[in-house]
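Q: These are the residues of each chain, in order.
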Amino acid sequence: NAGVTQTPKFRVLKTGQSMTLLCAQDMNHEYMYWYRQDPGMGLRLIHYSVGEGTTAKGEVPDGYNVSRLKKQNFLLGLESAAPSQTSVYFCASSYISSQETQYFGPGTRLLVL
Amino acid sequence: QKEVEQDPGPLSVPEGAIVSLNCTYSNSAFQYFMWYRQYSRKGPELLMYTYSSGNKEDGRFTAQVDKSSKYISLFIRDSQPSDSATYLCAMSGSNDYKLSFGAGTTVTVRA
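These protein sequence lines are chains Y and D, in that order. In this text, residue positions in the first sequence follow the working numbering: the first is 66, and each later residue adds one. In this text, residue positions in the second sequence follow the working numbering: the first is -4, and each later residue adds one.
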């Protein structure tokens, strides 16, 4: 039981490049979330999903897209990276509601030059 | 003004001291209150979860919620170097799709 895993762990991008961050969970959770964490800002929700095939915008969705084609996977895409997207990205999942315990992955550190 | 305010610290205490962490919030609809612990370069993990006003104790940890003052606290008794981490408060209303997080307080317990 691996919990929540994230790929890659670290990436350096040039401005304008694109990339996809992959999140996988093996706990059969319905809800999945993508957050970014910046110094002094706490965790801010980018996008979330309440089930396979669904996605919705969070607090800071601009510049990101997501897909949830399979229940266990949640992908975060950056179509044209900007230096403002330099951050640590965390994926999380919870069983059936946002009020339940969220289980976090180890994070992806992204540096956009 | 942020929905959830948390002093980022940092906080440095000697081993064995009591650590006191606090968050205030502005949204009276919040009903679920959590504390997450995050070690350096790791993801957050749930430490305490409370629903109602009052105290909840789990070993060396006590979570306190005062809904009338919109104030929550986490106390760590007999602090250990292994408690050195960032502590994030989080909260949610019953109809919310998300958690609202504080900025996190970084705690160092000196041996």
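Calculated from the structure, these hints are not laboratory results. Just so you know, not all the hints are guaranteed correct.
[Said to hold, decoys possible] Over 10 Å on every C-beta distance to chain D, these chain Y residues come out as not near it, computed from the model: (1) 77; (2) 81; (3) 82; (4) 85; (5) 87; (6) 91; (7) 106; (8) 108; (9) 118; (10) 129; (11) 133; (12) 149; (13) 166.
[As the list claims (entries may be wrong)] List time: in silico SDA-like cross-link candidates among lysine to any residue, alpha-carbon distance up to 25 Å: (14) 93(D) with 104(Y); (15) 37(D) with 160(Y); (16) 136(Y) with -3(D); (17) 37(D) with 118(Y); (18) 93(D) with 116(Y); (19) -3(D) with 74(Y); (20) 93(D) with 178(Y); (21) 93(D) with 115(Y); (22) 74(Y) with 35(D).
Even for Gly, the Cβ is constructed at its ideal location relative to N, Cα and C.
Q: Indicate, hint by hint, whether the structure satisfies it.
A: Hint check:
no.	hint	in the structure
1	77	holds, 17 Å
2	81	holds, 28 Å
3	82	holds, 24 Å
4	85	holds, 19 Å
5	87	holds, 15 Å
6	91	holds, 15 Å
7	106	violated, 6 Å
8	108	violated, 4 Å
9	118	holds, 17 Å
10	129	holds, 15 Å
11	133	holds, 15 Å
12	149	holds, 18 Å
13	166	violated, 5 Å
14	93(D) with 104(Y)	holds, 20 Å
15	37(D) with 160(Y)	holds, 21 Å
16	136(Y) with -3(D)	violated, 33 Å
17	37(D) with 118(Y)	violated, 29 Å
18	93(D) with 116(Y)	holds, 14 Å
19	-3(D) with 74(Y)	violated, 30 Å
20	93(D) with 178(Y)	violated, 31 Å
21	93(D) with 115(Y)	holds, 11 Å
22	74(Y) with 35(D)	holds, 14 Å
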